[in-house]
Amino acid sequence: MSMIRDLRAVVRPSSRVSPRKEQSAPYDTTRDPATPSAVVDCAVYRDGARVRSAEPLSPQEAMRLVRRDGGFVWIGLHEPTEPEFAGIAREFGLHPLAVEDAVQAHQRPKLERYDDSLFTVFKTIHYVEHDRLTATSEVVETGEVMCFTGRDFFITVRHGGQGSLRALRHRLQDDPELLAKGPSAVLHAIADHVVDGYIAVADAVQVDIDEVETEVFSPGRRGGVSRGVDSARIYQLKREVLEFKRAVAPLLRPMQLLSERPMRLVDPDIQKYFRDVADHLARVQEQVLGFDELLNSILQANLAQASVAQNEDMRKITAWAAIIAVPTMVCGVYGMNFKYMPELHWRYGYPVIMGVTVALCLGIHRTLKRNGWL
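Here the sequence shown is numbered in our numbering, starting from 45 and rising by one per residue.
Simulated from the structure, these hints should not be mistaken for lab results.
Fair warning: there could be bad hints in the mix.
30 Å max Cα-Cα, derived DSS-like pairs, lysine-lysine [to be verified]: (1) K360 to K413; (2) K316 to K360; (3) K225 to K360; (4) K225 to K154; (5) K154 to K282; (6) K316 to K154; (7) K154 to K289.
Build out the structure end to end from the sequences listed, making use of the hints.
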């Protein structure tokens with residue numbers, strides 16, 4: 045139980061850190077020209093503690109320390125180019141296909157097993173704050189975190205401006221007992237961190253959907269169509285939910301594999317905690333699927349309201365056209381140049397005809413209003 049509390053304390057969502065700040069300190073790559081500029085941090089961990097050094101370690105130096113004295117190395121990179129990542133890939137014996145995926149990014153969440161390493165792809169999701177949802181609002185912003193897990197190394201390759209792992213690294217360093225479990229403990233922490241981010245985004249998206257749903261079905265509508273709500277806004281929100289779904293749904297199978305199938309590179313004490321991550325991910329997936337279905341219903345309801353409003357407008361136009369047809373017909377008849385017409389020379393002919401016309405118009409208006417056409 046104490047280990048569960050420790051794990052939950054470590055994997056709380058990190059605070060937002062801009063990528064520019066993350067790359068500036070404390071790792072100063074200008075001191076070592078051989079170190080790729082994409083390296084955010086490089087450290088050796090032994091017995092759950094970070095091995096301190098006077099100068100920043102290059103990945104090659106860190107790996108030499110690990111092979112000599114034990115422990116594992118954790119290297120964090122942000123959007124490396126192929127030349128920047130080539131040396132690290134050779135040093136750690138990473139598979140060329142995984143290296144290609146890590147450099148090019150835009151990968152589907154997945155878990156791939158190679159001889160001496162695991163390659164895991166996570167899609168990070170960030171909720172974009174906005175005052176009001178519009179037809180062009182960006183609701184979610186995606187990034188990627190790719191993890192190489194080996195016996196004595198852990199490499200993270202991050203793409204996108206969001207999803208900083210600096211705060212997560214610091215929290216892991218504050219828990220030596222957990223960090224002593226090795227690279228698989230870091231993999232679990234990142235997985236839980238990503239899924240916790242999904243939960244937070246799902247709650248925020250739920251608020252947007254509730255707002256749109258309230259506006260669509262609010263009583264203060266004109267002509268059956270909600271004020272300020274159009275199909276473009278709903279469709280934009282549906283597209284953002286679809287992007288969210290693409291990040292969540294493919295990750296469920298890798299989390300199930302990590303929690304159910306024994307793996308040589310995953311510590312047995314850590315593996316059981318992937319079940320909790322898989323359970324949280326399954327709940328988020330159910331939420332996202334519910335969002336998609338709900339938005340479909342809202343969109344159909346909004347389109348139906350627009351159709352009903354158009355029908356009501358057409359009925360009103362038809363009703364007024366029927367009323368106007370009476371004086372039009374009378375005036376048309378008496379406007380003809382015939383000499384012999386009923387009551388044409390009668391003194392009271394004009395007021396009688398006008399009175400009959402008005403009476404007919406009022407009668408038609410009352411009948412149409414009673415039937416709901418006006």
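Comparing the hints with the structure gives:
no. : hint         : verdict
1   : K360 to K413 : holds, 10 Å
2   : K316 to K360 : violated, 67 Å
3   : K225 to K360 : violated, 75 Å
4   : K225 to K154 : holds, 23 Å
5   : K154 to K282 : holds, 24 Å
6   : K316 to K154 : holds, 19 Å
7   : K154 to K289 : holds, 14 Å
When held up to the earlier numbered hints, the structure conflicts with 2, 3 and fits the remainder.
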